[in-house]
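Participant: Take a look at the letters that make up each chain.
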Amino acid sequence: MFEAIAFYLFAFLTTVMFFITVTTTQALHALTALAAGMIFISAFFFILGADFLGAIQIVVYSGAVMALYAFGMMFFDTTRDVKEKNGNKFIVFGLSIIAAVLIVVIFAAPMVSTNIVALHPMIEGAGNTQELGMVLFTKYLVPFEVAAVMLLVAMVAGIVLAGKKMDLSLTLMNDAEIIDAKKEQHKKVL
Amino acid sequence: MDVAYLIETVIKVVVVLLIFSALAGIGTYFERKVLAFMQRRLGPMNVGPYGLLQVAADGVKLFTKEDIIPSNVVPNIFKIAPVITAATAFMAAAAIPFLPQFTLFGYTVHPIVADINIGILYVLGMMGVGLYGPLLGGMASANKFSLLSAARGAAVFISYEVVTGLSILAPIMIVGSLSLVDFNAYQSGGITHWLVWSQPVAFVLFWIAAFAETGRTPFHLIANDHEIIDGFGTEYSGMRWGLFFIGEYANMFFISFVIPLLFLGGYGDGSFLGALGLLGKMAFFFFFFLWTRAAWPDIRPDQLMWLCWKVLMPIAVINIVITALVMMF
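Protein chains in written order, with the numbering used here: chain Z, 16 to 205; chain L, 179 to 507.
This is chain L alone, in the form it adopts within the complex (with noise of 0.2 angstroms):
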C-alpha cells in the first residue's frame, strides 16, 4: 500500500461525503417540490428563486437551534444514534462504483472507494447496520411512542432483509459473483443484456423492500406519521434530528444507485453516455420514492408484516428455485 493510494482513498472518502451531504439536502427540497406539485401547490417559493435556498434556510436552522438532551434519556447512546444512521449510510458507500473509471489529468481514477469482491453483501449489511440509529433513538428517548416506533422500525428491517437477501440471490447464482464492478461487467453488452429481462421478480421484489430498507412511504411506520409525532426522532432537536434525516436521504440515494446496477445496466460499457445513463436511472429511482409518497398512504404494520412473510418471501424463494432449476438444465 503506497502513498498514493492512500490519499486517493481519503480524497474519495471525503467527495462522496461532501457531494451526498450536499444532495442530502438538496433532496428535501426536491421532495417537497415534487409533492407540492402533485398536490396542486407550488412548494417553497419564498426564499430564493423558485425556493431553491430554503435548503441553506433550513440548514441554517437545524445548526443553529439548541441541542436539547432531555433529562430521563439515556445521554451517551441518545448523542450517538443519529450519528450511527448517518455514518452507516456513508459507509454502505464505500463499495458502491458510482461512475465508470475515467481519466483525470493522465491518472486512472475508480469512481469507487473499496472495490472489495463483495459489495452487495457489504452494502446491504451496512444498511443492516442503520437499524441501530432508529432503535438506540427510540430506546433511549425514555418516550413511549419512540419505543414503539423503534419496534416497529426494527421489525421492518428485519423482515425485509430477507427479502433483499433472497431476492438478490437468484442474480447472484446468474452472474457469479457479489461484486458491483462484475455486475455491471455482466450486463455492459446493452439493454437487452440487462438483468431486468432474466430477473424480473427479483427486480421487483427488492425494488419493494428497498422502500422498507430506506422507510420510505408504503413502509414508513418507523416514523408514525399517524400518530402526528415523528417517532424515533420525536426527543430531537436541532442537528442530532438533521443527521437522522441526511442518513435517510443519503440511504435513498444509495439505494437508487444500487438498483441499477444490479438489474439495469448500470454504467454500461463505461462510456461517458453509459455514466450519464446511470445517473438518469438513479435519478428515475429517487423519483420514484417521492412519487409513491404523493400517491400512496401507509399500510398498517400487521399489512406489511403479512405482506413480507406470506407473500414476498415466498415469491423470492420459488424465483430462486426456478432459476437454480433452469440453470442446472
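Bound-form chain Z, shown alone (with noise of 0.2 angstroms):
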C-alpha cells in the first residue's frame, strides 16, 4: 500500500514539475522545477529497490547536469521574465501530445502484447550494486567500454577547446621558438 502511495505522490508531483518547467516564463523557476523533477524521479528507482540507480539518477542529473545549466543561466539577468516567441499555440500543444502518446504506445505496445521477462535474473545473495556490475560488465561490455572511450574523446576535446594557447604544438617547433614562447610565458604577472 505505501508503495502505490509513494507511486502516485512522486508520479503526480514529477508531472507537475515537468509542467511547470515548459509553461514558466520565469527561467529560475524553470530550472528550480527540472532539477525537482529530476530528483522526484529517483524515487520511481527507489521504490523499485534499484537503489544505485536511483542515487546515479540524484547524483548525475541534479548533481552535474543542472550545474551546468545553472552556469548557462547565470549569463542572463534570472530574475526577469523571458519574453518567448510563441509561434501558433494549438500547433505546439498538439504536435507535443501526439509525440508523447507515440512515445508510451512505442514502449507499452511490447508489454502489453508479450508478458516482459528479466533478461537476467536476480542473482541470491548479491547486492543491487554488484547484479548491476555483472550484467555491464559480461553482456553489454563492448557497449560499456565504447561508452567510456567516447566520453574521454568528449572531455580530451573539451580540454582542447577551453585550453588557451592549444592551438600551438610543441612537436612541429624548433628548440628556438619553443624558448621564446617560454620566455613570453613568465613576462606575465598572474
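Hints are computed from structural coordinates only; laboratory data are not their basis. Think of the CB as a built atom: it goes at the ideal place given N, C-alpha and C, for glycine as much as any other residue. The reader is advised that the hints may include incorrect statements.
[Unchecked claim] Straight-line Cα separation of at most 27 angstroms, DSS-like style, residue types lysine-lysine; simulated pairs:
{"no.": "1", "chain 1": "L", "residue 1": "Lys-243", "chain 2": "L", "residue 2": "Lys-322"}
{"no.": "2", "chain 1": "Z", "residue 1": "Lys-180", "chain 2": "L", "residue 2": "Lys-488"}
{"no.": "3", "chain 1": "Z", "residue 1": "Lys-198", "chain 2": "Z", "residue 2": "Lys-179"}
{"no.": "4", "chain 1": "L", "residue 1": "Lys-239", "chain 2": "L", "residue 2": "Lys-211"}
{"no.": "5", "chain 1": "L", "residue 1": "Lys-488", "chain 2": "Z", "residue 2": "Lys-198"}
{"no.": "6", "chain 1": "L", "residue 1": "Lys-488", "chain 2": "Z", "residue 2": "Lys-179"}
{"no.": "7", "chain 1": "Z", "residue 1": "Lys-98", "chain 2": "L", "residue 2": "Lys-257"}
{"no.": "8", "chain 1": "L", "residue 1": "Lys-239", "chain 2": "L", "residue 2": "Lys-257"}
{"no.": "9", "chain 1": "L", "residue 1": "Lys-257", "chain 2": "L", "residue 2": "Lys-243"}
{"no.": "10", "chain 1": "Z", "residue 1": "Lys-179", "chain 2": "Z", "residue 2": "Lys-197"}
{"no.": "11", "chain 1": "L", "residue 1": "Lys-239", "chain 2": "Z", "residue 2": "Lys-197"}
{"no.": "12", "chain 1": "L", "residue 1": "Lys-322", "chain 2": "Z", "residue 2": "Lys-98"}
{"no.": "13", "chain 1": "L", "residue 1": "Lys-322", "chain 2": "L", "residue 2": "Lys-257"}
[To be verified] These stretches of chain Z come out as covered by chain L in the derived footprint (C-beta under 8 angstroms, 3 or more residues):
{"no.": "14", "region": "32–45"}
{"no.": "15", "region": "178–186"}
Dock the two chains into a complex; use the hints.
Facilitator: Listed below in C-alpha cells is the structure:
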C-alpha cells in the first residue's frame, strides 16, 4: 500500500514539476522545477529497489547537468521574465501531445502483447550494485567500454576547446621558438 | 512494511531532526568560543553562565526579526532556497549510522533512518544537491554580489565533488560495498584494521574535500568575507538566513560523522566504548573545522581551482590506479 501511495505521489509531483518547467516564463522557476522533477524521478528507482540507479539519478542529473545548466543561466538576468516567441500554440500543443502518446505506445505495445521477462534474473545474495556490475561487465561490456572511450574523447575535446594556446604544437616548433614561447610565458604576472 | 516499522522510522526522523537542529545552534556557540580562545578573547560571556544562553538569544532574535522579501527578487525561489539547504542536509543524514544498534526496553534500535546499501553515494549525492540552496539564493536575490557568490559556490561544489568521489573510490574497492554499515563492519577488528592505514592518501583527500563540500574556511568563498558581505545570504534576514546557517552546521556535523565511519573505524565492534569513540572522533573533526577557521586565511578562487584540478584530482586518480594494481596482484 505504501508503495502505491509513494508511486502516485511522486508520479503526480514529477508531472507537475515538468509541467511548470515547460509552461513558466520565469527562467529560475523552470530551472528549479526541472531539478526537482529530476530528483523526484529517483524516487521511482528507490520504490523499485534499484537503489544504485536512484542515487546515480540524483548525483548525475541534479549534481552535474543541472549545475552546468545553472552556469548557462548566469549569462543573463534570471530575475526577469523571459519573453518567448510562441508561434501557433495549437500546433505546438498538438504536436507535443501526439509525440508523447506515440512514445508511450511504442514502449508499451511490446509489454501489452507479451509479458515482459527479465533477461537477467536476480542473483541470490548479490546486492543491487553487484548485479548491475555483473551485467555491465559481461553482456554489455562492449557498449560500456565504447561509451567510456566516447566520454574520454569528449573530455579531451573539451580541454582543447577551452584551454589556452592549444593551437600551438611543441612537436612542430624548433627549439628557439619554444624558448621564445617560454620567455613570453614568464613575462606574464598572475 | 508493518505499522511498527513506520512508527519507528518517523520517530527516528524526528529525533535526528531535533538533535541536529539543536546541535547546529550549539555549534555556533562552540565556534565562537573556540575562535575566541584561539584569538585570546573571551567570546560570548554576558548571556547566561559563560555565555551559554547566547544560543537561545540568537534563536529569539532570528525568529522575531522581520522577514524581508526585497522587491526585485524572484519571490518563490528566494523563499525556497534556504529550505533546500537545510532540507538536503538533513536528508543526507538518513543513510548515516550514528550509533551501533542497541536494545531499549527489549526493542532493538538501529540508529540509522534508512539502511540502504548505497549509503555513501546517497550521502554525497544529497550533499551535492545542497548546492542548490546557495545557488538559487544567489541567483534569485537580484544582487550582483550574491550572484557572484552563487557562481563561486557552484564552481567549488562541482569541482570538489569530483575529488570526493574519486578519493572515496579506492576505499570502496577495498571494502567492496557502498554501505556505511559495511564500511564499519570491515574496520570493526580494532585500530589496526582502520582504512586510514591502507588508504592514507584517500583519507587526506576526502578530508580536504570535506572543507569544500561544507564551504568552510580555507574554501569559504561562497560567503565573500573579503567583500564584507555575506555572499548569497546578503539579501536574507531572520529565520530564512538562519536556515542557511542550520544547513551549513548540520552538514559539518554529518560530514564529521562520515569521515570516521569511512576511514577511522566508526563505532568499532558496536560496544558502548565504540559508540563513545565515534562521538569522540566526530567531535574532533568538528573541532578541526573551527581550528582551521582560526588558523588559516581563505584562499583565492584561482588557487582553489588549481588545487582541485591540478593537484588533488591527479593524486586521487593515481591513488585509485595504485590501489587497483595492488589488489589485482
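Participant: All the hints need checking, so say for each whether the structure fits it.
Facilitator: Structure-based check of all given hints:
no.	hint	in the structure
1	L:Lys-243 x L:Lys-322	25 angstroms, holds
2	Z:Lys-180 x L:Lys-488	18 angstroms, holds
3	Z:Lys-198 x Z:Lys-179	16 angstroms, holds
4	L:Lys-239 x L:Lys-211	20 angstroms, holds
5	L:Lys-488 x Z:Lys-198	23 angstroms, holds
6	L:Lys-488 x Z:Lys-179	15 angstroms, holds
7	Z:Lys-98 x L:Lys-257	24 angstroms, holds
8	L:Lys-239 x L:Lys-257	19 angstroms, holds
9	L:Lys-257 x L:Lys-243	16 angstroms, holds
10	Z:Lys-179 x Z:Lys-197	14 angstroms, holds
11	L:Lys-239 x Z:Lys-197	59 angstroms, violated
12	L:Lys-322 x Z:Lys-98	22 angstroms, holds
13	L:Lys-322 x L:Lys-257	18 angstroms, holds
14	32–45	holds (count 3)
15	178–186	violated (count 0)
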